[in-house]
Amino acid sequence: MTSTWGWLILLFPLVGTVVISLGYKVLPGRLAGWLGSAAILGAFVCAIGALLSIQDRTPEDRQVVSTLWTYASTAKVDVGMTILVDPLSVLMALVVSGVSFLIHVYSVSYMGGDRGYARYFAYLNFFVFSMLLLVMGGNLVLLIVGWAFVGAASYLLISFWYRRGTATYAGLKAFVINVVGDIGLVVAAFLLWSKTGALDWTGVFRGSHEAFHTNDGVIVAACLLLTVGAFAKSAQVPLHTWLPDAMEGPTPVSALIHAATMVTAGVYLIARTHPLYELAPTAADITAVLATFTFVYAATCAMAITDLKRIIAYSTISQIGYMVVGVALFGYANGLFHLMTHAFFKALLFMGAGSIIAAMAGEQNIDRMGGLRRAMPFTYVTFMVGSLALAGFPPFSGWLSKDSIVAFAFDRGGWYVAIGVAGYVAALLTAFYTFRVVFRVFSGEPVEEARLLERGELAHAAHRNPLTGEEEDTDVGFPGPEHHIAERELPMKFAMSLLAVLAFAGGTIGIPDVSDVLERFLEPTFADSAFQGVAPSDTAEWIGLAVGAATAAAGIGAAWLVYLRRPGLSLELARRFPRTHRFLERRWYFDELYDLTVVRPLQALAAFSRRAIERGIVQGLLVGGAGGLVRGGMTIARTIQNGYLRAYALLLLTGLAGLGLYFLLQSS
Amino acid sequence: MILPLADVPAPHIDYKGLSPLIALVGGTVLVLMAALLRGRFVQRSLLPLLTLGTLGAAMGLSIWVWSPGDHRPIVESALEVDALALSLSLVFYVAGIATVLLAHRSAALSDAGAGEYYTLLLSSVTGMVLLAEAANLITLFVGIELLSIPLYVLCASQVRRRASLEAGLKYLVIGSVGSATLLYGLALIYGAAGTTSFAGIDRALGDTVSLSDPLLLTGIALACAGLAFKASVAPFHQWTPDVYQGAPTPVTAFMAVATKAAAFAIFLRLFDSALLSAQFQWAPALAALATITIVVGNVGAIAQDSLKRMLAWSGVAQAGYILAGVVVGTQKGLEATVFYLLVYLLMNVAAFAVVIARERVSEWGDGMRALEGLGRAAPWLAWPMTIAMLALAGFPATAGFIGKFYLIDAAVDGDYAWLGVVIVAGSMISLVYYLRVVAVMWMGPMEVRLPSLPGRPRTAKPVGGWSPEADAWAQPEVTLVAVACAAATMFFGIWPNPLFDLVADVGTSLASLVG
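Protein chains in written order, with our numbering: chain A, 6 to 673; chain B, -8 to 506.
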């Protein structure tokens, strides 16, 4: 029964994709949106079914492998259409399908005026299917297939407004960087397969225990390659630069793919392959250090930039850094706990941002916003809930989940304490930048759009690219003519209020000493871990939580001081430290660095090859050459292929003579 | 001297095993007789239905006869039935059924007479089934002639079109040269081995006949050339583009898949069972032919403007790929060959169905431009064509990918890794012309600049008026064939297990092959 639920989880979004993409012409009005939502709801219900049926089993029996058919069983490769239903995949399926459903419902309204409505939902359903395939896949091949599929879905949705140059460029960038990760993943899979002879999870794990000793060179290499894959998908330094640009996609897409689900695939990957990482602690440590750097780095960037969606994007990079640290330090339940709560509050924040951007008629710069509190009470409250959760303010969910990771780092002792300290520093920055947004958008003097909205009118402006200011029309390939805000749309309200409740109360499944639901639920997956049962004492956790709460309060207080109490202080600071400000605003010059070290040299190389190789060798020698060769060949061919029978018979006889000669030579 | 009849031992005949052939021959006679009745109903509906019924019945009987791992003579020392014969028979029947559907509105039907057309088609199928079941050289040759002669006529059946007549004549002349060469080769092999039965030749080769016997080797060379002609393997492929283009397109589709499968059936029977002991002698020659074929076919296809010619050249290249499965002379090679022939049927019929649908309505005939903008105007035709092209190129998630993978796997496994590399290189070149078709259909109006052959755009009689919507549904049976074949191509690309099971059964049918 468990496996049936597992297959049904995959089936629903697949059917949704097919139905919507085939019926895009005949589906009237918003039916495509509702169909898509229903499909994902079906998947969510099945995920609950899987959850219940897996809980009915004994703990030892909670890893169910089911093969629908064998795809290839040849040349020592044994690959099937196999899913693995275990607590980890069920948890991921629940989070993915649950959050996806709410974002689908939100999109039904939010994308209402767009000319690519059905296409949007077909893509979105396809994404959910791919993501579920990724987390349910029972072997490395299906993982890679799902991995590539979500990359493709992400590309399609980032460049959803395909007539926008910046959007297509961002899609391209995301795709290219993700392919770097794909290569890492594929090579890692090859290494594991060549040493363990298996591709399915259980076989790989069992085989690696036999094939490798701790910190064996190959397993460290394999884990580092897995990390490359995970980092590209999860936008961790140094493969993070695509995620902020991915905000070119529609806002619900940012909420779903580039905040709540797809970008956490890296965390899932590390958690899923934990037996390998535990065999290669060096690789795990390198991963943890890089992720620590990422969450501090991204938090500093988020303090200086002014694009609303990009701020939240950097916050996503930062929060995923926490999760990666959580799983790379082998505190799996903590990392996954944060993954779950983050999905709730980050999706909520993006939905709020979507509503704000709609009220501002497409404007995304927070410098141009202000005083929206009275005009958008609902958005304000829900955004506030999300912000408090992100800042880690008690008793919101982010407080419990983030601090569980930090407390675990302290508990590991040794140099891991430094990671814990960094965790608090970044938490302080997080609280600060989060409330920078809240105060600047909702408080202060209402801007013109806010005043209009208070009078009951939605602002309308010429449609422009928020990045470049180019004028756009509203036909397909550009955003639609209408804007939708949460205050006026019931489906948006529904999705946001549910997420607000989850962002507030989602932490209750992981209160130290009171409820360790998540940890106990995940136990069967991580039973083989050496770190199973290792956890800070409850006292230590509560002390950690208290410090975390104080940090959050300090950060919020600082933001209040800078942006409400003494407005202008921030400008003064920026003036006093122009270099630091510029450094942060340019996000530590990562894009420029890559431009200089990777893009430019490659372009130069391409230009050179075009000049020298293409023109010189290929066109000159081969084509001019080859042009001549092909032309010559074609002349010969045309001479031979002249339609005259006698010519054909001649060649036939020549061939025959050749064959005969060959065989007669054999006889001597 | 007159032998008393009683002294000739009657061969044992297994009528159950023979039943598909009996059904075919009976159906052929029935169709010919029924064609004497005049009347629109008979000519337009009854005859095709009878033909379809015959083919369906034969197919049903073949499946009924089939029992896994079975290998038994049905007419002693002349015909035997095994999984190889039965699975290839399925290819012939399906190709026949598709041809009947595709030809339903063909001008050839009224030109040549529906009864004659269907009778010839059925005789050709009978010949193919006969040679797939052949157990000695004589039956083999009878089968080959029975399949070829009706095809010569079918090629010329559009008697009011000069190109069709020319194709028929050309095919007849060159085909006779090929048949004669083959017959000569078979005769020499008989002369060397002293027996016509495949099993006997196999025994003799290991025993009494020296493998360097010039008589035997000359025979093999001639047989090889004759078969290469039938399978359009370079350098014996020259007739292919001309005949494919000239023949009525449904006949072309039939030739492209069924004749090719039949030719490879003989290749398998003759080389991988009767002459297997001489593998060291013939395998290098066949491998060289395969390489030449892959190169020539792929290069030739690039510059084609006519879809039929392009598919003809692509068929030449594909013959080269399939030949790799014969060269290795292993069980896996046999499995891969049959697997590829099965999926080749699906993807090629889908492609030809779309060509037929377009050439009847487009002013560009079978030119590349006939497909322009098809993605928008008739997605139900554009998708099958896209899938067929991608499958022929070997894209993952289509059956073509698995087929090609299987062939490469077999080549590498049989110590012909370099041939696997040639297949991959050939597939890379083939993307040039396969993807251009996809681009023309989906990427809107574009100038297809090709070094085209001189010729004016043809004016074709519109079937459903000139509007795209009317055209798309004017020939539902053609669309049906295209969609069904493309769907099966996708289906077996995602779930190849049924075909794997089938060819695993085929793999055991030639006893002499090693696993």
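I should point out that these hints are in silico values taken from the structure, not numbers from a laboratory.
Watch out, some of these pointers could steer you wrong.
[To be verified] Covered stretches of chain B, going by a simulated chain A footprint (3 or more residues, C-beta under 8 Å):
1. 195 to 206
2. 212 to 220
[As the list claims (entries may be wrong)] Here's a subset of chain B near chain A, in silico, CB distances under 10 Å, partners left out:
3. Ala48
4. Trp55
5. Trp57
6. Val164
7. Gly169
8. Ser170
9. Thr172
10. Pro226
11. Pro275
12. Ala276
[Said to hold, decoys possible] Sample of chain B residues lacking proximity to chain A, with all beta carbon distances greater than 12 Å (derived):
13. Tyr6
14. Ser58
15. Val133
16. Val150
17. Tyr181
18. Thr186
19. Thr209
20. Val224
21. Ile485
For glycine and all other residues, C-beta sits at the position ideal for the given N, C-alpha and C.
Taking the hints in turn, this is what the structure says about them:
1. Given as covered by chain A, the stretch 195 to 206 of chain B passes the check, having 3 residues with a CB less than 8 Å from a CB of that chain where 3 are the minimum.
2. As drawn, the stretch 212 to 220 of chain B meets chain A at 6 residues by the rule of a beta-carbon pair under 8 Å; at three or more, the given contact holds.
3. The restraint placing Ala48(B) at the interface with chain A is violated, with a minimum CB-CB distance near 32 Å, outside the 10 Å limit.
4. The beta carbon of Trp55(B) comes no nearer than 27 Å to any beta carbon in chain A, farther than 10 Å, and the hint placing it at the interface is violated.
5. Hint status for Trp57(B): violated, given a least beta-carbon distance of 22 Å to chain A, over 10 Å.
6. Of the supplied interface hints, the one on Val164(B) holds, with its beta-carbon coming within about 6 Å of a beta-carbon of chain A, less than 10 Å.
7. A hinted interface residue such as Gly169(B) counts as satisfied when its beta carbon comes closer than 10 Å to some beta carbon of chain A; here the least separation is about 8 Å, so the hint holds.
8. Interface hint status for Ser170(B): violated, as the beta-carbon distance to the closest one in chain A is roughly 12 Å, over 10 Å.
9. For Thr172(B), the interface hint holds, since its Cβ comes within 10 Å of a Cβ in chain A; the closest pair sits about 7 Å apart.
10. The interface hint given for Pro226(B) holds, since its Cβ lies 4 Å from the closest Cβ of chain A, which is under the 10 Å cut-off.
11. Evaluation of the Pro275(B) hint against chain A yields a held restraint, the C-beta minimum of about 8 Å falling below 10 Å.
12. For Ala276(B), the interface hint holds, since its Cβ comes within 10 Å of a Cβ in chain A; the closest pair sits about 5 Å apart.
13. Look at Tyr6(B): its CB is around 38 Å from the nearest CB on chain A, clear of 12 Å, so calling it non-interface holds up.
14. The claim that Ser58(B) lies off the interface holds: its Cβ sits roughly 24 Å from the closest Cβ of chain A, which is beyond the 12 Å cut-off.
15. Remark: the non-interface label on Val133(B) is consistent with the geometry, its nearest Cβ contact in chain A lying 23 Å away (cut-off 12 Å).
16. No Cβ of chain A approaches the Cβ of Val150(B) within 12 Å, the least distance being about 20 Å, so the stated non-interface status holds.
17. Every CB of chain A is more than 12 Å from the CB of Tyr181(B) (nearest about 17 Å), matching its label as outside the interface.
18. With a minimum CB-CB distance of about 20 Å to chain A, Thr186(B) clears the 12 Å threshold, and the non-interface call stands.
19. A beta-carbon of chain A comes within 12 Å of the beta-carbon of Thr209(B); the shortest separation is about 6 Å.
20. For Val224(B), the requirement that its beta carbon stay farther than 12 Å from each beta carbon of chain A is not met, with the minimum near 9 Å.
21. At the 12 Å boundary, the C-beta of Ile485(B) falls inside the reach of chain A, the nearest C-beta of that chain being 9 Å off.
Going through the hint list in order, the structure does not satisfy hints 3, 4, 5, 8, 19, 20, 21.
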